[in-house]
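Visitor: Chain by chain, the residues:
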Amino acid sequence: MTDAKQVDILLVEDNPNDAELAIRALRKNKLANNLVHVKDGEEALDFIFAKGQYAGRNINDRPKLVLLDLKLPKVDGLEVLRAVKSDPRTSLTPIVVLTTSKEENDVIESYKLGANSYIVKPVDFDKFVEAVRELGYYWLLLNEHL
Amino acid sequence: MRTEPGEDPLVRANRLLEESQAIAHLGGWEYDVAENRISWTPETFRIYGVGPDYDPNNLANDIGFYSTSSAPIIAEAFAKALAMGDGYDLELELVRADGKTIWVRTVGRAFLVGGKIVRVAGNIMDIDERKIAQLRLAELNAGLERCVLERTAELESANRDLESFAHTMTHDLKAPLRAIAGFSRMVVEDYKDVLDTEGKRLLGIVYENAVKLDALISDLSCLSRIGRQVPVKSSIAMRAMAKDVYHDLAVPDKDAMVVLSIDDLPDVIGDPGLLREVWGNLLSNALKFTSDRSFRKIDVYAHTTDAERIYFIRDNGVGFNPKYAGKLFGLFQRLHREGQYAGTGAGLAKVKRIVELHGGRVGAESVEGEGAVFYFALPLESMTAGGKRGG
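Protein chains in written order, with the numbering used here: chain B, 1 to 146; chain F, 147 to 537.
Just chain B, with the same shape it has in the complex (with noise of 0.2 Å):
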C-alpha cells in the first residue's frame, strides 16, 4: 500500500479491532481506497515526516487527511499532532482526532496543538459510520483544493 504515490487517509489506531471498524465504517463510503494504517506513533511520524522504514516516500506527498487515535503506544496522539502542526512541511495536512468520548480534555487538548476535527468513536456503529462519511467527504474534498 505504501507504494501507493497518493495517500488518501493515514489512519493511526493501535486498537487492531478499532481499526477494522474504522477502516470498515471509510470502506462503506468508499474512503478506504488508498488507506495506510499504521499501530504508533512513532510509525505515524515516521510516514509522515518521510523517515525510518518510510525514508523512501517523499515528505511532500501528504496524506489527505490524518485520522489519529489520542492512546498510542510508544508516542502518544498529542505529541502526533504536535510534531505534525509545528513543522511547516507537514503542518496543512488535515488532521481528525478519534476519541473516546467528546468530554475529555484530550478534545480541547488536540484543538489547541492544531487539530482540525475530531470523530467520537461511537459504539453505535452505524453512527461511526455516518461520522466518518462526513468528514471523510469533508476533508478529502477540501483537500483537493490545497
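Note that these hints are calculated values from the structure, not bench results.
Straight-line alpha carbon distances no greater than 30 Å define the calculated DSS-like cross-link-like pairs of lysine-lysine that follow: (1) 358(F) x 71(B); (2) 346(F) x 358(F); (3) 127(B) x 358(F); (4) 30(B) x 338(F).
Chain B is fixed; fit chain F onto it per the hints.
Guide: The following block gives chain F in isolation, referenced to the frame of chain B:
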C-alpha cells in the same frame, strides 16, 4: 480567714498579703538601687524551692536558678530595667533547688524618683500547670492540623484515583464494547444470507446490550464529572431556558398534542449548562411518562419563599407509587420495568447532583396513575452572591 484578736493592722495587712501570695503562688521581690539590696517575699523562696536561710542578695545566684535558655533572657531584661527603666513580663523556665524545672511568669518594673531609677520590683508566679496545659494544647493543635493535612492529602489522592478510575472506565471499557457492538453488526451484515431470523435476533440483542452498556458508562462518567465540577454561574432567564429546552426535546409529530403551560418563572444565578441539564431531564421525563395518555398536559410553575425559589414540573402521566419516592433520585433506579420506558436511570441522579451542587434540593410527589410533580429548589443566598464562584 484567720482572725487574731488585737492584731496590729500593719501586721494583719502583711499576713493577708503573704497568705494571698501563697494561695496564688505569686512571689514578690525588689531590688533597692541605693542600698544594693534584694528582698524576697516568703512565697518567692517557696517558688525557688529554697529555705528562708537562702540569701537572695546575689543576683548572679538568683539568675542561676533559671534554665540555661531562660537565664540570659531574664538577665538582659533585668539589666535593661535597671539601666533604662524598661519593664518586662516573661514566661521562663526556672530550675528549683530540688532540681524540678517549672514554668514561671516573671514581671519586673522600674520605679523612678526624680528621673532616677531607685528600685526595680516585681512578681514571680508559678504558672507551671497552666503553661504545661497550654503547651500540650498547642501540641495537640499542631497534631490536629497535621492530621487534617494528612487526611486532606489522602482525600485528594482518593479523588485523583476516582478521577482516573472514571477516565479508565470511559476509555478502557468502551474499546471492548465497540468491538462487541461493531463485530456483531458485521456478522449480521456479512452473513445475512447464512443467518436465519433467530440468529439475527440473537446478535441484535448482543448489539443492543453493548449500546446500552455504553450509555450506562457514559452516564456514570458524566455523573462523576458533574460531581467534580465547580459551577460557573451567571444570571439565567429560567422561563426562556425551560421553553427552549422543551422545544429541543419535543418531537413534532409525537408530542404536538401536549398541552404545555409555562408560568412566569423567576430568574436565578446558576450554571447555565448544568441547569439546562436539569430542565432537560425533568421535561423529557414529563414527556416520556405522559406518552401513552390520550390527553397530555405539562405545567411548569414556580414558587418563591423566604429562603428559596422552587420550580415545579407537573405532568398528568403514569406517575409513581409514593412508596418508592425515596428511590427516585438514586443512580440507576428505575421504577418501571425494563423496556417499558427508555432510559438508564441516571437522569434524576444527575438532576439531584446538579441541584445539590447549587446548594439546593430536589423532590417529587405523585398519585400513581394520575401524574407526578417534580421540583427543584435553589437557595436565594446563592443568587445574591452572583457572579462566579471558584474558578
